[in-house]
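Starting from the structure of chain A, add chain B where the hints point.
As given, the protein sequences belong to chains A and B, one line each in that order. Residue 1361 in the numbering used here sits at position 156 of the first sequence, and the numbers go up by one each step. Residue 290 in the numbering used here sits at position 289 of the second sequence, and the numbers go up by one each step.
Some hints here could point you the wrong way.
[Said to hold, decoys possible] Taking lysine to aspartate or glutamate pairs in the DMTMM-like style, the calculated list, with each CA pair at most 25 Å apart, reads: (1) A:Lys1418 - B:Glu118; (2) A:Lys1372 - A:Asp1390; (3) B:Lys96 - A:Asp1426; (4) B:Lys116 - A:Asp1426; (5) A:Lys1418 - B:Glu264; (6) B:Lys96 - A:Asp1380; (7) B:Lys96 - B:Glu181.
Just so you know, the hints here were simulated from the structure itself, not pulled from any lab data.
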Amino acid sequence: MAEFINLYLLPGVAVGCIYALGAVGISLIFAILRFAHFAHGDVMTLGAYLAYSVVIALGWSVYAALPFAILGGALASMGIDHVVYRPFRRSPGIIVVIASFGVMLVVRSAIQLFWGVDILSYETGIRRPIPLFGDIRLAQKHIIIIAASVVIAAALHWFLSRSRMGKAMRAMSDDADLARISGIDTEKVVRWTWLIGGGLAAAAGVFAGINTKLHPSIGWDLLLPLFAAAILGGIGRPYGAIVGGLAIGIAQEVATYPWLSELPLVPPAYKNAVAFFVMVAMLVWRPTGLFKGRVL
Amino acid sequence: MFGLLMYGLTLLTMIGIYGVLTLALNLQWGFAGLFNAGIAGFFAVGAYTTAILTAPESANHLGGFGWPPLAALPVAMLLSGLIAWPIGRICLGLKGDYLAMASIGIAEIIRLVFKNETWLANGTMGISTVPRPFESLGQPWGNAAFLLLVVLILVVLYLAAERAWASPWGRAMRAIRDNELAAAAIGKDVVRFRLEAFVIGSMVMGLGGALSAMYFKFIGASATEPLLTTFLVWVMLIIGGSGNNRGALLGALVVWLIWSGTELFTNRLPAEWITRSSYLRALLIGVLLIVVLQRFARGILPERPPRRID
Chain A
1206 MAEFINLYLL PGVAVGCIYA LGAVGISLIF AILRFAHFAH GDVMTLGAYL
1256 AYSVVIALGW SVYAALPFAI LGGALASMGI DHVVYRPFRR SPGIIVVIAS
1306 FGVMLVVRSA IQLFWGVDIL SYETGIRRPI PLFGDIRLAQ KHIIIIAASV
1356 VIAAALHWFL SRSRMGKAMR AMSDDADLAR ISGIDTEKVV RWTWLIGGGL
1406 AAAAGVFAGI NTKLHPSIGW DLLLPLFAAA ILGGIGRPYG AIVGGLAIGI
1456 AQEVATYPWL SELPLVPPAY KNAVAFFVMV AMLVWRPTGL FKGRVL
Chain B
2 MFGLLMYGLT LLTMIGIYGV LTLALNLQWG FAGLFNAGIA GFFAVGAYTT
52 AILTAPESAN HLGGFGWPPL AALPVAMLLS GLIAWPIGRI CLGLKGDYLA
102 MASIGIAEII RLVFKNETWL ANGTMGISTV PRPFESLGQP WGNAAFLLLV
152 VLILVVLYLA AERAWASPWG RAMRAIRDNE LAAAAIGKDV VRFRLEAFVI
202 GSMVMGLGGA LSAMYFKFIG ASATEPLLTT FLVWVMLIIG GSGNNRGALL
252 GALVVWLIWS GTELFTNRLP AEWITRSSYL RALLIGVLLI VVLQRFARGI
302 LPERPPRRID
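Chain A extracted, bound-state conformation:
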């Protein structure tokens, strides 16, 4: 039992936090701009590498570098929107998806050019897991990932439910035209959406880098589970995306537990297949997701 919790369930929660942070951005962008942002994974990668540069340049711990990565990811996303996506505001959503393909290529190849393609790591050496109580042990990185994600999610909740901009966002998500004629500055809402989505993606990217290693396709590899999480939670629903992210992360890790025999139920290499399975099952059973997303 302790082994199940230590090696499968808790890492699953940590991975789920990473997915949740990424999927919230995808869902939020969908709610406001009505398109599936394919370059989201590469914004995550960008955040992870920005943190790496701060770690190398200033010799700080990666956790101290996190705010810089979040800021960098937020500003980069807003900049990309300004240069690339803004001319498409009145185009059908699927055209913007193609443009996000282009952004994906540009961001990834820029990362490969600038940082190279070698596998990197924020820190060397092994850290001993911390005993929590009894046999339950938690790896330090998992504690920090989970704790930081909870703080970020709480801040996001406060922002969406209490702040003026958060309310404007929810209004625009419900009905963009109605929001506009009510005097809401929709372009400002869009800017904030990118700041938040990009910042969360960067945080998720840093956590993914802490959890494993850094490589240029770290974010792209997570795109499938992120979409699965967003669909599971009901696309366009940020809170649903948090639940979806956690569920997909835990399901992926727990599915590799040797449930039936000595062997893992699902080979670890096929973790992403679990996300795909959940995605397809949701599309068949309930395309609006658990929390009634907006599209069909």
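Chain B only, in chain A's frame:
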């Protein structure tokens, strides 16, 4: 002189293979407005099917069936279509973004299978003994004959696509693309039409993969990378002009010339830059895609209503 000839043959064959893929994507996107982000997956299914059916027996992978190369092509198409069908069935009644997300998923799963099931296709090492038709004719005649085969397939596909564009089927497809509700209101089975476009397009993508595996005599993990298939084909179609079969072919020609032309240029860079030059090219292609989408969204040869056929 001989080198130049061989280079020209290679260039034309590659353009031909990409032409097949771009025509296929045009059927999905240009005709029916379906966003397929998993071209690499269908390409891989076609390529690996051909490799397994035709490659000589080996301890490293499934094989030794000894099929003649040309007989493997229909099977490659069939398998790609069989994979496209269920995913289309599930997603095509929903909004376009769902197909985009699910197709990227199917490509990822296919990539995982070929990467991890080493008994099937030798994992990341791939299969490097795929026979190419007309190989026995030697260079350059064998290469020229293969080019001829690719061109022949391309011409057949082009004529079929042109015919489809002008036919009632193509008209219904465009009607659904432009106004789903109106098309449904006059009794068109929206999901069925979309499913036809998606499955046939994916089959042709499998054909493109099969031709590519034959041409390179190799298929491996690098071939399932989305950059050289999914992205490049999208860029080709958008730049050439989606909704126009000639535009699709022109896009394949132009973008491949840019892609391989920049290679000639970057090979002259200092050694430390050569390794990174492929990223520079990918960057260039990405920028090109965005600029074209913003400024010339209709491509070089824009979509036009079909001529009447009497």
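Hint check:
no.	hint	result
1	A:Lys1418 - B:Glu118	holds, 24 Å
2	A:Lys1372 - A:Asp1390	holds, 12 Å
3	B:Lys96 - A:Asp1426	holds, 24 Å
4	B:Lys116 - A:Asp1426	holds, 14 Å
5	A:Lys1418 - B:Glu264	violated, 31 Å
6	B:Lys96 - A:Asp1380	holds, 18 Å
7	B:Lys96 - B:Glu181	holds, 11 Å
Violated hint for the displayed structure: number 5, the only one.
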